[in-house]
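Generate coordinates for the entire structure from the input sequences, incorporating the hints supplied.
Numbered according to this note's numbering, the sequence shown spans residues 9 to 175.
No wet-lab data here; the hints were simulated from the structure.
Each computed BS3-like pair below joins lysine-lysine, with the alpha-carbon atoms no more than 27 Å apart: (1) LYS142 / LYS131; (2) LYS62 / LYS150; (3) LYS139 / LYS70; (4) LYS139 / LYS126; (5) LYS142 / LYS70; (6) LYS131 / LYS91; (7) LYS131 / LYS155; (8) LYS158 / LYS124; (9) LYS142 / LYS91; (10) LYS155 / LYS142; (11) LYS126 / LYS91; (12) LYS62 / LYS52; (13) LYS139 / LYS124; (14) LYS131 / LYS150; (15) LYS142 / LYS124; (16) LYS70 / LYS91; (17) LYS91 / LYS155; (18) LYS150 / LYS124; (19) LYS62 / LYS49; (20) LYS155 / LYS126; (21) LYS91 / LYS150; (22) LYS150 / LYS139; (23) LYS150 / LYS70; (24) LYS91 / LYS139; (25) LYS52 / LYS41; (26) LYS150 / LYS126.
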Amino acid sequence: MGQNHRTLILGICGFLLLSILQFILLPAMDYNKAMQLQVVKNNKAARQLEVLTKEYSQLIQKRKKLSKGLDKKKGTLFAIIEKVARDVDVNSNIDAVRPQQHDLENNLVEEEVALKLKGLYQKHLVTFLYKIEKELQGIDVKNLNIKHTKENLLDVDITLTMVTSTK
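The following block contains the structure:
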């Protein structure tokens, strides 16, 4: 009976060990692995959220920059460009001007001026662009094409499109 008793105890102990392994240790290991995968996913999502947050803050700053673009006291983009052109003395080089306005979201209005200048001395171009940028905050150059003239290599023909937004 001692041998059967010992075999029975060993059988019960083996059954308990297998039960502990099956119902406690293996599920705990699976849970640990699942939690590690979840941590990796959460870290990846946090990095993506950080990138999106930076992008959002840049867009907010750009929006603020655009919304303060033109000061109503200074006039429209077209008027400011015309004033700067007179100040820099490039009025005679203006071949065409096309002002436009587009309604944007959040009560913003985008003002766009397409300007074509012919035979402009390069130094005057730099001065013209500098003074416009100095005069306005929140202006973007949407398109700028510069071509040398055939008559004088220091002169250029320019097609320029500038954009700003106001409330």
